[in-house]
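**Student:** Sequence:
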Amino acid sequence: MPPRQIFAAEISKKFIQDIGQIYCSPEPGVLKLLKAALDRETDPTARDMLTAILANAELGAEQQIPVCQDTGTVVVYAELGQNALIVGPPLAE
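Take the working numbering: the last position of the sequence shown gets the number 105, and nothing is skipped along the way.
Derived from the structure by calculation, the hints contain no laboratory data. Yeah, the Cβ is synthetic: ideal placement off N, Cα and C, and Gly gets one too. Watch out, some of these pointers could steer you wrong.
If you anchor each label on the Cβ, the simulated ranges turn out as follows [as the list claims (entries may be wrong)]:
#1 D55 / L97: 50 to 58 Å
#2 A58 / I34: 22 to 30 Å
#3 P102 / M13: 18 to 26 Å
#4 M13 / I77: 40 to 48 Å
#5 I77 / D55: 52 to 60 Å
#6 A90 / V42: 23 to 31 Å
#7 K26 / E70: 23 to 31 Å
#8 E74 / Q94: 39 to 47 Å
#9 I98 / P40: 29 to 37 Å
#10 D51 / I98: 41 to 49 Å
#11 G100 / T54: 29 to 37 Å
#12 A64 / P14: 51 to 59 Å
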């Protein structure tokens, strides 16, 4: 059986779409935990920070702009299987 061809451009396009979605719309479970933390929090500074994070998340989802609290680095692990061939530049590029 010939290898299944996967185009590098399609992988890049899908990756960019998914990362954009992640950055603009936090997981509902995370938002629930942040709201619960805000309900419990008594320190005014911490309450201000939690309120800002939640407002930023709401704005990000509404306007499809990145939620700014995450300053991490994206690491991607890709599994292609045994019978796959990437057509185009290497994924690292």
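**Student:** If I claimed the Cβ atoms of I77 and D55 lie 52 to 60 Å apart, would that claim hold in this structure?
**Tutor:** violated, 28 Å
**Student:** Is the hinted range of 41 to 49 Å satisfied by the C-beta distance from D51 to I98?
**Tutor:** For I98 against D51, whose Cβ atoms are near 48 Å apart, the range 41 to 49 Å holds.
**Student:** Within 40 to 48 Å or not, the Cβ separation of M13 and I77?
**Tutor:** holds, 45 Å
**Student:** Looking only at beta-carbon atoms, does the pair A90, V42 fall within the given range of 23 to 31 Å?
**Tutor:** Taking Cβ atoms as reference, A90 and V42 lie about 25 Å apart, which means the hint holds.
**Student:** Hint says 29 to 37 Å; check whether the CB-CB distance for G100 and T54 agrees.
**Tutor:** violated, 55 Å
**Student:** Quick check on a hinted range of 51 to 59 Å for A64 and P14, using CB atoms only.
**Tutor:** holds, 54 Å
**Student:** Are K26 and E70 spaced within 23 to 31 Å by their CB atoms?
**Tutor:** Since K26 and E70 have Cβ atoms about 26 Å apart, the given range 23 to 31 Å holds.
**Student:** At the C-beta level, are P102 and M13 separated by a distance inside 18 to 26 Å?
**Tutor:** holds, 24 Å
**Student:** Within 39 to 47 Å: is that where the Cβ-Cβ distance between E74 and Q94 falls?
**Tutor:** holds, 44 Å
**Student:** Could one say that the CB atoms of I98 and P40 fall in the range 29 to 37 Å?
**Tutor:** Holds: the Cβ-Cβ distance is about 33 Å, inside 29 to 37 Å.
**Student:** With respect to the beta-carbon atoms only, verify the hint that A58 and I34 lie 22 to 30 Å apart.
**Tutor:** holds, 25 Å
**Student:** Taking the beta carbons of D55 and L97, is their distance inside 50 to 58 Å?
**Tutor:** holds, 55 Å
Consistency with the previously given hints fails for numbers 5 and 11, ordered from lowest to highest.
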